[in-house]
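Residue numbers (our numbering), protein chains in the order written: chain A, 1 to 365; chain B, 1 to 287.
Hints were generated in silico from the structure; no laboratory data involved. Mixed in with the good hints, there may be bad ones.
Label-pair distances were calculated between CB atoms; the ranges are [as the list claims (entries may be wrong)]:
hint, chain 1, residue 1, chain 2, residue 2, range
1, B, D173, A, D215, 24 to 32 Å
2, A, K253, B, P259, 23 to 31 Å
3, A, A25, B, G73, 53 to 61 Å
4, B, P259, A, I28, 52 to 60 Å
5, A, I110, B, I183, 42 to 50 Å
6, B, G182, A, R229, 43 to 51 Å
Which chain A residues stay away from chain B? Per the calculated CB distances, all over 12 Å, these [as the list claims (entries may be wrong)]:
hint, residue
7, L33
8, D44
9, V103
10, I110
11, W185
12, L188
13, A227
14, L233
15, I292
16, R343
17, V346
Where is the CB? At the ideal position from N, CA and C, for every residue including glycine.
Residues per chain are reported as follows:
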Amino acid sequence: MTDTAMYRVQTQTRASYSAGAVCIALIILFILLPTFASRGLIQDLFFIFTMLVLAQFWNLLAGYGGLVSVGQQAFVGMGAYAMFGGVILWGLDPVPAILLGGVAALIVAIPTAFFTFRLQGAYFAIGTWVIAEVMRLLVAQWKMLGGGTGTSLPRTATREMWATEWIQTTFDVRGAAARDILTYWLALALVIATIAGIYWLLRTKRGLALAAVRDNIEAAKSVGVDAARMKWLVYLVSAAGTGLTGALIYVQKLRISPDAAFSVTDWTAYVIFIVVIGGIGTIEGPILGVLIFFILQSLLADYGSWYLMVLGLIGIAVMLFAPRGLWGLISEKTGLQIFPVRRRLVLTNPKDGLNSIQSDKQREA
Amino acid sequence: MIWIDTIIQGVLLGGLYALFAAGLSLVFGIMRLVNLAHGDLIVFAAYLILLLVSLLGLSPFLAAILAAPIMFGVGWALQRHVLNRVLGPDILPPLLVTFGLSVVLQNALLEGFSADSQRLPAGEIATASVQMGGLNLGVLPLLTFASAILVIVGLNQLFYRTELGRAFRATSDDAVTAGLMGIRPERIFATATAIAMLVVTLAALYLGMRANFDPNIGPARLIYAFEAVIIGGLGSLWGTLVGGIIIGVAQTVGAAINPEWQILAGHLAFLIVLLIKPRGLFPRAVD
Chain A
1 MTDTAMYRVQ
11 TQTRASYSAG
21 AVCIALIILF
31 ILLPTFASRG
41 LIQDLFFIFT
51 MLVLAQFWNL
61 LAGYGGLVSV
71 GQQAFVGMGA
81 YAMFGGVILW
91 GLDPVPAILL
101 GGVAALIVAI
111 PTAFFTFRLQ
121 GAYFAIGTWV
131 IAEVMRLLVA
141 QWKMLGGGTG
151 TSLPRTATRE
161 MWATEWIQTT
171 FDVRGAAARD
181 ILTYWLALAL
191 VIATIAGIYW
201 LLRTKRGLAL
211 AAVRDNIEAA
221 KSVGVDAARM
231 KWLVYLVSAA
241 GTGLTGALIY
251 VQKLRISPDA
261 AFSVTDWTAY
271 VIFIVVIGGI
281 GTIEGPILGV
291 LIFFILQSLL
301 ADYGSWYLMV
311 LGLIGIAVML
321 FAPRGLWGLI
331 SEKTGLQIFP
341 VRRRLVLTNP
351 KDGLNSIQSD
361 KQREA
Chain B
1 MIWIDTIIQG
11 VLLGGLYALF
21 AAGLSLVFGI
31 MRLVNLAHGD
41 LIVFAAYLIL
51 LLVSLLGLSP
61 FLAAILAAPI
71 MFGVGWALQR
81 HVLNRVLGPD
91 ILPPLLVTFG
101 LSVVLQNALL
111 EGFSADSQRL
121 PAGEIATASV
131 QMGGLNLGVL
141 PLLTFASAIL
151 VIVGLNQLFY
161 RTELGRAFRA
171 TSDDAVTAGL
181 MGIRPERIFA
191 TATAIAMLVV
201 TLAALYLGMR
211 ANFDPNIGPA
221 RLIYAFEAVI
231 IGGLGSLWGT
241 LVGGIIIGVA
251 QTVGAAINPE
261 WQILAGHLAF
271 LIVLLIKPRG
281 LFPRAVD
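Construct the complete structure from the given sequences, taking the supplied hints into account.
So, in structure tokens, the structure goes:
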């Protein structure tokens, strides 16, 4: 063991290889789904995908970055309103205007971060909420985009949306259904890009630095991690991603109002429950969480406020009794990791054969 | 003259915000816990008072006296059985639990009392006013402001003059060492939250008599309270009063210019203070 210990750093597990194959098969299935699935299913999946993206970005912020935000609705709303602005004021096509949503959220995130980063820990959370409220009130003053009552996307813009004509002729569907298929594909692309992007980020050196900052900021600083830069990085990345998603959601919804686009329940409370119930600080958690959330919603949505009460109580119970969420329980029991980010040192010493040692470079995720 | 009137109305409104904030500040000062359900607990207390008023036919003041011990118990139980379990170096669990609690409370009230806005019947006092140097001041706003000052004086006395206050301060400084001296931190925490709920009851009384309320207004009250605490500087109750007054004046002045700017002006005042003095106007605690 002394002189010629051969080793390499590995993150993959056997389970993650087979999970990768399943993922690819699932992606192909999802791409082809509109050829045979009903419009209702497509709409449900659109909802699931967009909520999942929001959840992944909140998880990146809170679960990995340690920045608990209750103001994600600020970026959903800004993204959506920027998209509406691009379409209504500049005559852009709604699809490229989605990108405008991401850019707008990124731009407003910079001054926002300047304010909220002055607040520590728990006060950061309420600070983000104040910012979201300020944006809601400011947007409500924007008379060109309908002021406090909101507005709709002009019919000319929605009718001639990119690629809808091609979808109409290929799938032999009407305009509205074609728009659902288009937004569904965009949501699918966004969810794949988000999960792949976050997974990639967490496996790079930056991801390691991020986990180090979350676990012990002083220790991380002492080994040369620029903690402030990591905070900025996750804040801006999740703002841009959340803005893109907001814009996409409102391309599908077609109608916007400040109260809906900056709703704390729809864009932050739901998202927090998805992540908490599924398992915070993992990529798998929000995926599991969004499925549970969707099932609960389908079962209980008719009960209105009872549904939210149940959701809140489940969230509290999970935080009290299983703070790592359902996925945390599963991976504790089985050791299963679909998106492993933990680096393991695999010794390939000729004498000892193949040994695997868990390095404690990263907290168990 | 109209501007002086506007500003004085704002100062008096600041008293209400200071009442919202005092409970939040107390709990944060002792256990570093930010209760995201604080605003909803105020609304909850307002409905509790309303219930007592309509069931027993009492005046809101008497009903609040009855509601106070109930809220005290609610605070104690909440801290003892829920929040104490999640206190720790990680800020995530208490934040998420209190956020969940906020959603549960809001929807429970919605289910129990519907979304209709309610008001506590204050009777003659609601419209009574006194003449002061050519200004017409409402009795109720004056009473609110006086109560805020009394609460702050009372809490300061409690903190610096009593054995319980000494235990509060000791636990706040170092819960483990305080434990070695025979203090039981979990009890101190429960007592602190229970006392905060007494302040919440008082805040709810004036909130309910002053304006209409419905189950959804909690988060906005939390935000005003939070802004007052941050403007004043963490750990300073008199600073919190000043913070409340700044928010109140900004809101009434904003509303006088354009009614749509009322809330926005308050938030902007907060952001300006945060920009110029990130640690608040009277910082004391180091956090």
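For each hint, the structure was consulted:
no. : hint                            : result
1   : D173(B) <-> D215(A): 24 to 32 Å : holds, 26 Å
2   : K253(A) <-> P259(B): 23 to 31 Å : holds, 29 Å
3   : A25(A) <-> G73(B): 53 to 61 Å   : holds, 56 Å
4   : P259(B) <-> I28(A): 52 to 60 Å  : holds, 56 Å
5   : I110(A) <-> I183(B): 42 to 50 Å : holds, 46 Å
6   : G182(B) <-> R229(A): 43 to 51 Å : holds, 46 Å
7   : L33                             : holds, 33 Å
8   : D44                             : holds, 23 Å
9   : V103                            : holds, 23 Å
10  : I110                            : holds, 14 Å
11  : W185                            : holds, 33 Å
12  : L188                            : holds, 29 Å
13  : A227                            : holds, 16 Å
14  : L233                            : holds, 20 Å
15  : I292                            : holds, 15 Å
16  : R343                            : holds, 23 Å
17  : V346                            : holds, 31 Å
In the structure shown, no violation is registered for any of the earlier numbered hints.
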